[in-house]
Structures are given as C-alpha cells and as structure tokens.
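Just so you know, the sequences run in chain order A and B.
Numbering of the first sequence is given in our numbering, commencing with residue 1 and proceeding in unit increments.
Numbering of the second sequence is given in our numbering, commencing with residue 1 and proceeding in unit increments.
Hints may be right or wrong, so weigh each one.
Identical copies carry no separate label here, and so any pair may be met within one copy or between two of them.
[To be verified] DSS-like cross-link-like pairs, simulated, lysine-lysine; straight-line CA separation at most 27 Å:
#1 K9 <-> K599
#2 K9 <-> K596
#3 K366 <-> K123
#4 K282 <-> K538
#5 K270 <-> K596
#6 K76 <-> K123
#7 K76 <-> K296
#8 K271 <-> K177
#9 K567 <-> K547
It is worth saying that the hints were derived from the structure and are not from the lab.
Protein chains: 2
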Amino acid sequence: MYRFSFPAKSAFKSVLFNVYNDGVAKWSFTGGNELAGVETYHDDIKVYVYGQFNAKGTAGVVNNDALLKETSIEGKGAKSFITFTADAPDVIEFRYAISYISPEQAKQNFKDEFTGGDFAALKQAAKGAWAKVVNQIAVEGGTVAQRRSFYTALYRCNERMVNINEDGRYYSGYDKKVHETTRSFYVDDWVWDTYLALHPLRAILNPAMESDMLNSYVNMYQQSGWMPTFPVLFGDNPCMNGFHSTVMFLDDYRKGIRGFDVEKAYEGVKKNATQATMLPWKNGPKCELDDFYYVKGYFPALQKDEKETVSLVHPFEKRQAVAVTLGGSYDDWAVGQLAAELNKTDDEALFAKRATNYKNLWNDDKRMFIPKDKAGNWINIDPKFDGGLGGRDYYDENNGWTYLWQVQHDIDGLINLMGNKINFQNKLDQTFREGLDRSKYEFWAKFPDATGLVGQYSMGNEPSFHIPYLYNYAGAPWKTQKRIRFLLDVWYKDNIFGIPGDEDGGGMSAFVVFSSMGFYPITPGRPVYTIGSPVFSKVTVNLSNGKQFKMVANNCSVINKYIQSAKFNGKALNKPWFNHEQLVAGGELELEMGPKPNKNWGI
Amino acid sequence: MYRFSFPAKSAFKSVLFNVYNDGVAKWSFTGGNELAGVETYHDDIKVYVYGQFNAKGTAGVVNNDALLKETSIEGKGAKSFITFTADAPDVIEFRYAISYISPEQAKQNFKDEFTGGDFAALKQAAKGAWAKVVNQIAVEGGTVAQRRSFYTALYRCNERMVNINEDGRYYSGYDKKVHETTRSFYVDDWVWDTYLALHPLRAILNPAMESDMLNSYVNMYQQSGWMPTFPVLFGDNPCMNGFHSTVMFLDDYRKGIRGFDVEKAYEGVKKNATQATMLPWKNGPKCELDDFYYVKGYFPALQKDEKETVSLVHPFEKRQAVAVTLGGSYDDWAVGQLAAELNKTDDEALFAKRATNYKNLWNDDKRMFIPKDKAGNWINIDPKFDGGLGGRDYYDENNGWTYLWQVQHDIDGLINLMGNKINFQNKLDQTFREGLDRSKYEFWAKFPDATGLVGQYSMGNEPSFHIPYLYNYAGAPWKTQKRIRFLLDVWYKDNIFGIPGDEDGGGMSAFVVFSSMGFYPITPGRPVYTIGSPVFSKVTVNLSNGKQFKMVANNCSVINKYIQSAKFNGKALNKPWFNHEQLVAGGELELEMGPKPNKNWGI
C-alpha cells in the first residue's frame with residue numbers, strides 16, 4: 001500500500017508506472033481507479049499486478065515520451081500514468097497485490113491481503129508482525145548503539161527467503177510450471193553467504209520455517225534436476241562457487257530439522273558433487289576440469305602465460321582454482337557426513353577422502369594455499385595481489401590471506417599443516433596486521449570486495465566471518481574475545497557508515513546477531529557454537545519449543561569484554577563451546593566478564 | 001624524555017639507536033650513560049643530540065648487521081646500542097635534547113630543558129602547558145563526542161609551526177647560517193592547507209605568536225631571496241601550488257597583527273607574483289608559462305595529445321593549469337589588497353585586474369572552469385575524471401567539481417558567472433549529490449586524495465572547506481547550517497575513523513574548531529566570519545587582550561541545528577556574518593536554535 005501526499009489542493013497529482021530496466025510491460029486502467037498490469041521479468045517470468053486507488057483519476061500512457069489518452073499499453077518500456085484533479089484527496093493511496101500465476105490470482109491476492117483496514121491499520125499490523133519476529137530475542141545491557149546495531153541486524157535476517165505460495169499454488173522458475181502445495185514455497189537465497197550464519201540462526205529461531213525452506217530446495221531439485229546453490233525466483237543463479245547448500249542440509253539435519261525428503265536431498269547434493277560442474281557462476285554437467293578434480297584432488301589453475309582452453313570457464317569469473325578446491329573440500333566433507341547420517345557408508349568413506357583435498361594445495365614454503373597447474377607444478381604467484389580482479393584466477397573476491405583460513409571443516413588439519421597451534425595463532429595475528437604493501441586505493445582497485453580491512457582481514461566479506469573465532473582452537477580464546485569486540489565496534493556502528501560490505505541478503509547481519517550474543521556457529525555442519533564476547537549482559541532467546549536459551553554475562557560492558565570464567569547450566573565450563581542440543585534444551589550460558597583477559601580460560 | 005619499562009629483573013635490556021631512512025649518522029657513548037650523536041638530515045642539516053640514561057650500561061655499535069664492542073661509529077646507516085644488566089633498574093629512562101647548531105648547544109639545551117624534575121614532574125608540566133592552550137576556548141553543551149572531536153582538533157592546531165630558537169640563536173635552512181635573534185623563529189608550515197583556517201584561528205587565539213611567524217617568514221625571505229610558500233626546516237619546500245603566504249600576510253595585517261616588516265613582506269609577495277614560477281612543486285625564477293600568464297591571464301594547458309615542452313614542469317605534478325590560474329587569481333587579489341593597505345595604488349590597480357583572471361577559464365557551456373591551450377582553445381575534457389592521477393594536468397588532487405568553487409576572493413563574481421544566486425545554489429546542491437559515474441574504487445584510483453565524499457564534495461581535502469559556507473551568499477543560510485552539521489557529524493567522529501583525509505599540520509583540524517564554534521573565515525584576506533551552525537550551546541574564547549568573545553546558541557542540540565534568529569551584542573543580526581574587529585572587541589553572538597530551518601533568516 002502506497003501513500004502519496006501531494007501539496008494541499010494541488011492541481012497536478014500524478015503517479016507514473018514503469019518497470020525495472022524499462023522491460024516489457026502491459027498496463028490497463030478501468031473504472032478510473034483500477035489498474036491491472038503485467039511485467040515480464042528475466043524473459044520468462046510474468047509478474048501480474050492488480051491495484052486500486054482511493055479516488056478516480058484520468059489514466060493515460062506514455063509511448064516514446066509522448067503522453068497519450070489511451071488507457072492501456074503494451075510493449076518494451078511501456079509506461080502508464082494516472083492524474084487526479086484538485087478535488088481529489090491530497091493524500092492518494094494505492095493498494096496493490098502481485099501474482100506470478102495469473103491476472104485473476106493477482107486480483108484474488110488483492111482481496112486476500114486487503115481485508116478492510118486503512119493505511120494506519122496496515123502499518124500497525126506490519127509493526128506487530130515485525131515486533132513478533134524481532135522480539136524473539138530479548139537483550140539487556142549493552143549501549144544504545146549496540147542495541148540498535150543488533151536489532152537492525154536481526155530485522156535484516158528476516159528479509160529472505162521469500163515465500164511465493166499464493167492460495168495453495170506457486171509458479172516455479174525451476175520447471176516454469178504452476179504447482180499445488182499445502183506448504184510455503186521459498187525462493188531467493190544467497191547460499192555462498194547465508195550457509196555460514198543465517199541458516200544456522202534460523203535453525204535456532206524458526207526451525208519450522210527452515211524446514212519449509214529445505215523442502216523448497218528439494219522441490220526445486222525435483223523440478224529442475226539439480227540441487228540449487230543460489231536459488232532465486234527464476235531458477236538457480238549459480239553465483240560465486242561451491243555447492244554450499246550441501247552444508248546447509250547437513251547442518252540443519254544434525255540440528256534435528258526434518259519435514260523434508262532427506263533421501264531426495266542427499267541424491268541432489270551427491271549429484272552436485274559427482275556430476276555438476278564446480279566452475280564458478282556456471283550450472284549444469286561437469287566438464288574436464290571437474291573430472292580432473294575427482295582424480296587429482298585439486299582444481300587446476302592456468303600458468304600465468306597460459307591461455308584458457310576450457311570454453312565453459314566464465315570469462316570474467318575465471319577458474320578460481322584455489323577457492324573451488326577449498327570450497328569443494330568442505331562441501332565434499334558435508335556430503336560424506338550426511339551420508340554417514342543416512343548410513344551410506346561407502347559414500348561416507350569416498351567423500352571423507354575428498355574432504356582432505358584442500359591439503360593438495362598447501363604450499364609449505366609459502367605457508368599458504370597456492371594454485372597448481374594441471375601438471376602438478378606450483379604457479380609462482382604473490383598470493384596477496386596476483387590473479388587479476390578479485391584474484392579470480394586463483395581465489396575469489398579476496399586474496400590468499402583470506403583463503404588461508406577456508407578449512408572450517410578441519411581446523412585441526414589446518415593447524416597440522418601450519419605445524420602447531422603457536423604457528424597457527426601467530427599466523428592469525430599476522431592476518432590482522434599484515435600490510436597491503438601498496439596504497440589502499442591500489443589494493444581496492446584489484447580487490448574491491450575486500451572491504452572493512454583490519455590488516456589483511458576483511459570484515460566486509462563472508463569468507464572472513466569465522467576467522468576471529470579460530471583463536472579458540474589455538475589456545476587463545478581471549479584473542480577471539482578481543483577481535484570480535486573490536487570488529488563489532490569498528491565495523492557495525494549505528495551510524496551512516498552502516499555495514500562494511502555487501503549485506504548479502506542477511507548473510508552479514510547474521511554474523512552480527514550471533515557475535516553480539518556471544519557465540520558463533522563456526523563450522524556449519526557441526527552443531528557446535530564457539531564462544532566469543534557478548535556485548536550484552538543478558539540475552540534471552542525464545543525458542544519455538546517453548547523453552548528459553550539464556551546467555552548471562554555478569555559485569556559485561558564496553559570495557560569488560562574478557563571472559564574470566566564460565567558456567568553452562570550452573571556447571572563450570574572450561575572450553576569455549578557448547579552444542580545445539582544444549583541450546584534448544586533451554587540451556588543457560590553464564591559468563592563472568594572483566595577488563596583484562598583471563599588467558600587460561602577455555603584453553 | 002623516554003621511559004622504557006622492561007620485564008622485572010630482565011637480563012636483556014637494550015635500546016637501539018638509528019636514524020630516519022638509515023641516513024648518515026654518528027654515535028658515541030661516554031661514561032656508560034652519556035650519548036652524543038649527529039644525524040645529517042636532508043643532506044645539509046646537522047641534527048646534534050645529547051642525552052643521558054638513568055643507569056650505566058655497556059655500549060656497542062652495529063656495523064653491517066654485526067654487533068661490535070666499539071663505543072662510537074659514523075657513516076650511512078650507522079646504528080648504536082646500549083645494554084643494561086639485570087641489576088640495572090627495570091625502568092630505563094633516557095633524557096635528551098637536540099640542536100641544529102652544534103654538539104655544545106645540544107648539551108646546553110639539555111641543561112636548559114632538564115632542570116631537576118623527574119618523569120612525573122615533566123609529564124605534569126607538559127599537561128599544564130597543553131591545558132593552558134586547550135582551555136583557551138571553553139565550551140558548554142554539545143555531546144561528549146562533539147567535545148572530544150573539538151578539543152582533539154584544537155590540540156592539533158597547536159602542533160605547527162615549530163620554534164627552533166636555541167638560546168637566542170637559530171640555524172636557518174634558508175641561508176644555511178646561524179643567526180642571533182631575540183624572537184622566536186618558526187619553521188614548518190603547510191601554507192596551501194593552513195592559510196585557510198589555521199592561520200586565521202591563530203590570529204584570534206595568539207596574535208603575538210602569529211606575529212613571530214610572520215616575522216620568521218620575512219627573515220626567510222631576507223635570507224633566501226624568496227618568500228616561502230611551504231617553509232620547512234631545510235628551506236622552502238614548494239608543495240602544491242600558489243603563493244598563499246600572500247593571503248596569510250594580507251589576512252593577518254587586516255586583523256591588526258604587526259611586529260614584522262610589512263614593507264619587506266610586500267616586496268617578497270610581489271616578487272613571487274612577478275618573478276617566481278607558478279609551476280606546482282617548483283621554486284625559483286619564472287619561465288615562459290609564467291610570462292604567458294602575465295600577458296594572457298591564464299596558465300596554458302596542453303592539448304590531450306600534446307607533449308610537454310617546458311622542462312621546468314614537474315613530471316608527476318604537471319601544469320595543473322586551472323588550479324594554478326584560480327589560485328593565482330586569489331593570490332594576485334591579495335597582493336593588490338595588501339598594496340592598497342600600504343597605499344601602493346599602482347600595484348593595487350595592476351593586481352586588481354589580475355584578480356579576475358579566473359574568469360578567463362570559465363566555460364559557459366560546461367558551466368565549469370575548463371583548461372585552455374596556449375592558442376586560447378578549450379581543451380575538450382570531462383572535468384570529473386580527466387587529467388591523469390589527481391587531475392594534475394588541469395586541476396590538483398580534486399576534479400573540476402571542487403575547483404568550480406575556488407574563487408573565495410570574488411564570490412559575487414562567481415555568482416555572476418553562473419547567472420544568478422538560484423543557479424549558484426542549485427550548483428552547490430548538485431555538488432553534494434553529483435555521482436561518481438563509476439565505482440568508488442575506480443574513482444579513488446584516479447583521485448586518491450578526494451576522500452570524505454558527499455557526492456562530489458570531498459570533506460577530506462582543504463579546497464572543499466569553504467564550499468558548504470557558500471550557501472550564505474546565495475540566499476540559503478539554512479543549507480549551510482544543514483551541510484555543516486552533517487559534515488561534522490559524519491566525518492569528524494570521536495572514533496577510530498578519525499579524520500577523513502590528510503590532517504595537514506593542523507589545516508584540517510582548524511576547520512573543525514571554527515565550524516564547531518559556529519563560524520568560519522570564508523575568505524582569508526577579508527577579516528569576516530560567516531556563520532554556520534555551532535554544535536555547542538556556549539563557546540567562550542579567552543582573547544589575549546584580556547577580553548572574551550562569546551557565542552551563545554540557545555536550545556542548541558543535535559536536533560536543533562537551525563538558526564531561528566540571531567543577535568550580536570544584543571542587537572538583531574539578520575545577516576550570516578560578523579567581522580574580526582567585533583570579535584576581538586569581546587563581542588557576543590547569540591543564536592536561537594530550532595529543529596526546522598528558518599529560511600528567511602540571514603538572506
């Protein structure tokens with residue numbers, strides 16, 4: 001419902017209708033206050049609209065910049081308008097609904113959605129709906145600024161996915177057909193970003209909705225033949241790289257979420273791992289590079305002077321050979337673990353082996369993950385700056401310093417590669433202080449997505465979220481506490497600087513929600529939360545099972561950011577993690593906070 | 001005085017001595033706790049040091065990375081060290097003094113400066129000295145954050161210039177000789193940055209010090225034959241462009257500052273305007289481009305495909321033809337106005353004519369200042385993005401949108417070029433919302449100094465300081481109030497983001513001090529302050545003449561940022577400015593603030 005307030009007694013009150021990017025549209029007015037229209041989106045999706053104004057006006061259309069008196073128009077860039085006289089109300093209201101199914105359904109949706117209330121009532125209802133969602137987590141303490149940042153983030157975590165069920169039917173972009181269903185059908189999920197913290201957050205707050213989402217994924221797989229990795233309205237949009245919906249399925253399954261066909265889901269994620277191309281921004285069957293990966297255990301890169309020979313490679317996105325190998329290792333681990341859950345022991349073993357593929361690109365001289373060519377030779381690169389725009393020849397959007405840490409599924413294995421926990425900790429320290437070796441503008445001209453920099457750490461991009469929590473695995477939880485507080489304080493202010501990078505459909509906000517509450521799902525696929533440093537003295541999460549999870553941080557403040565000691569359900573907790581089962585059982589985490597680190601806690 | 005705290009009973013307590021950039025140095029230890037040394041800075045300045053430790057240690061030197069037992073060393077990259085045993089105090093203190101004159105003077109300075117007090121006493125004395133400076137302005141109201149930003153800025157305004165008088169003598173980099181004097185001799189002034197707000201601020205707060213600075217400039221002119229524009233320790237470092245020390249002399253003279261040889265000063269600034277090259281980052285006699293300027297009234301640019309023919313042009317800094325012409329017009333105006341003050345009527349007329357040279361580059365089609373070649377043809381450029389790194393072929397560090405406003409000395413003339421005040425105001429609005437037309441990182445790769453962007457407005461670079469105040473001249477003081485509050489709030493936070501660009505030796509901080517107090521010296525050279533929007537409800541400036549200037553802003557708050565009405569000394573003030581004479585007489589500006597603009601006030 002739109003409300004347009006015109007100057008009092010204005011003689012010129014008009015509203016113009018247009019569609020995104022001047023695409024193909026049709027508009028028609030009837031009765032002086034009724035509009036019906038349809039937009040063709042992404043070439044194959046019809047978006048029907050039906051709406052009514054609160055007053056009668058004179059409709060017209062725009063054809064090649066000429067205003068005409070016709071009341072309907074169709075074609076590319078078609079626009080229409082309606083003009084109200086000075087006698088019409090100064091506040092013009094327009095109520096409308098859309099449908100992906102038909103004009104009739106749009107009208108029906110209009111009737112279903114507008115049941116008599118006025119603007120104020122609708123606003124009040126929306127406020128109530130949001131309050132219900134946002135108040136599911138109650139916090140005490142913290143500064144006003146921290147509370148604003150937290151609740152803004154929590155709000156944003158509820159923007160996607162989007163339920164497109166209309167009266168028991170939905171139009172699917174996955175087979176271009178209308179389906180009947182009794183459940184919600186969700187689209188629009190940016191999994192490369194959201195598998196990390198947003199899906200895990202929803203698994204806590206709204207497991208029934210998460211179940212519907214998983215079921216939607218399975219439906220999409222059944223309709224299209226492929227399990228999507230970045231499902232949007234018109235189908236799977238294979239942004240970024242990896243098959244991280246696999247990790248999402250494993251994580252939710254292990255957190256007890258059911259209500260979807262897990263065998264069918266497994267079939268889909270296994271098909272991705274064995275028959276789909278791993279190439280970034282590409283869908284469909286595997287190519288020679290994927291066969292190479294299955295045999296050799298790494299995705300091959302080109303030597304610096306070598307021309308691309310594989311036509312399927314996206315000309316801008318390139319091979320991202322290291323990023324694909326590391327992401328593939330994680331996804332393969334998840335396939336194997338889900339196989340284990342389903343007692344598919346052969347698959348479990350096969351994929352457990354592939355889960356260690358990341359080791360194939362560990363370069364012991366450079367102490368980084370470095371690309372290899374198809375002959376197994378290292379490519380001689382500067383992992384900080386080589387690989388073209390966004391480092392895409394080898395990495396993706398970020399450089400080797402970020403990809404050094406992309407082994408969430410085998411942190412102990414990564415520690416072993418580095419030699420020991422001290423080396424690992426030192427390397428973490430170095431990540432946060434390593435210089436750019438060049439001006440910031442020169443760096444950003446190459447890595448524009450690596451924003452929110454602290455040394456080489458990029459708070460503004462998802463692959464960095466878990467990095468500050470890795471200190472918990474290296475005997476220095478106090479450094480996790482220090483970093484997390486610093487990062488929240490610097491990069492998630494309640495001011496015009498907002499969010500330090502692409503918010504990615506809730507992906508980034510979920511990091512803020514978890515981190516502000518004091519814990520984080522460091523390895524999606526393992527139902528474990530690692531403990532950081534809460535900004536609040538008390539957090540109460542109202543669970544859908546009727547229980548409450550509580551986090552109490554005594555003496556917590558801007559200064560008192562270090563954990564002195566901890567209890568879980570009243571018993572001493574001497575490690576910086578707890579699990580999902582403990583959380584949903586209505587557990588209580590109690591922390592004693594202080595101004596100086598207790599370097600012995602949690603080690 | 002340095003204090004080094006070592007771990008208790010540490011067996012390894014060493015201090016290493018090195019010089020900037022591994023330059024030429026000499027070090028020698030005597031008596032186990034005495035150090036004498038000399039560094040050669042900038043090839044021709046000797047910096048002598050003399051110091052003492054609070055304990056005896058074992059000295060050594062470093063020669064090509066080898067630690068040797070000698071107690072003295074000399075040469076390029078020479079380093080020395082001293083090591084204390086476990087029995088020595090855990091807190092090692094080092095007191096030292098430097099001299100630019102001689103080793104003996106360094107020792108004498110040491111004696112003069114350390115008169116018995118310990119570390120705590122010295123710290124207390126320093127605090128007292130700073131408190132005296134900082135508390136010269138008392139504020140009430142505003143947020144804690146605003147007070148922190150304000151006093152931090154005021155502190156920074158006292159870092160430069162630096163008095164290098166040692167016991168009545170100083171070494172001058174301007175003739176490489178030692179001079180005797182009874183006054184302070186000041187060096188290190190970044191005039192392109194500081195003539196705008198820092199010198200005007202000092203003219204209010206410490207006119208005696210400002211007088212000593214002007215006298216130092218005259219001495220430098222007498223010693224070197226040229227009036228400096230960016231005087232540092234070793235001589236004039238002709239950074240940036242323009243002869244803005246001319247404007248500084250005029251401004252101070254008109255504010256009643258005396259105690260320097262104004263005739264000699266005039267001789268120097270006139271010599272700059274008639275015999276020195278205007279080329280950026282170049283000192284010395286004029287070249288053919290300057291002769292061209294004198295005759296044609298603009299600095300000629302090269303056509304895009306034309307090679308540089310003038311060998312004096314700096315290969316990186318280029319001609320900056322528009323920036324030089326606009327800056328030259330302002331400086332020429334200032335020469336003429338100073339001539340008027342000194343009753344040199346011929347010069348007054350000559351330079352008044354040159355003061356309008358900026359008009360020669362006004363392009364009525366592009367509504368911008370656009371470069372012309374030597375034949376008088378326009379160069380066909382995109383003023384937003386052309387001109388190479390920092391736009392230096394035509395502009396400097398900023399693009400045509402910033403240089404559009406570089407006519408502080410003739411604002412009415414600029415309004416006339418634009419047609420009328422409405423056009424002028426619209427163009428100001430557009431400056432604050434004009435897009436980059438490209439990604440931010442692509443823009444910054446070309447204009448790395450144009451930081452703190454709001455549209456095309458760059459809060460992070462000095463040429464933009466006066467722009468938000470220009471609304472006062474175009475019938476919309478409320479927009480000045482709105483912009484200034486927005487800019488202070490966004491770009492001068494009391495947090496890690498600090499200052500939005502190069503602080504430039506107090507240049508930028510002085511903008512914050514003035515703007516937070518609610519007024520600004522929009523045209524240095526005219527002793528007038530234009531009124532913005534104070535962040536404080538009361539400001540008291542303790543003047544050196546024993547009087548107080550007061551600014552009272554009733555109802556001032558973060559929300560109440562708009563001036564509703566004003567009084568000066570109790571009488572209604574209906575224009576947004578007052579003058580220096582009124583200020584130093586102990587005037588009182590009283591504003592009534594409110595949440596909505598009074599668009600009629602001050603127009």
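Consistency of the hints with the structure:
| no. | hint | in the structure |
| --- | --- | --- |
| 1 | K9 <-> K599 | between (70 Å within a copy, 23 Å between copies) |
| 2 | K9 <-> K596 | between (65 Å within a copy, 24 Å between copies) |
| 3 | K366 <-> K123 | neither (58 Å within a copy, 47 Å between copies) |
| 4 | K282 <-> K538 | neither (45 Å within a copy, 63 Å between copies) |
| 5 | K270 <-> K596 | neither (48 Å within a copy, 62 Å between copies) |
| 6 | K76 <-> K123 | neither (34 Å within a copy, 75 Å between copies) |
| 7 | K76 <-> K296 | neither (50 Å within a copy, 54 Å between copies) |
| 8 | K271 <-> K177 | within (23 Å within a copy, 83 Å between copies) |
| 9 | K567 <-> K547 | within (19 Å within a copy, 63 Å between copies) |
Hint violations for this structure: numbers 3, 4, 5, 6, 7, all remaining hints satisfied.
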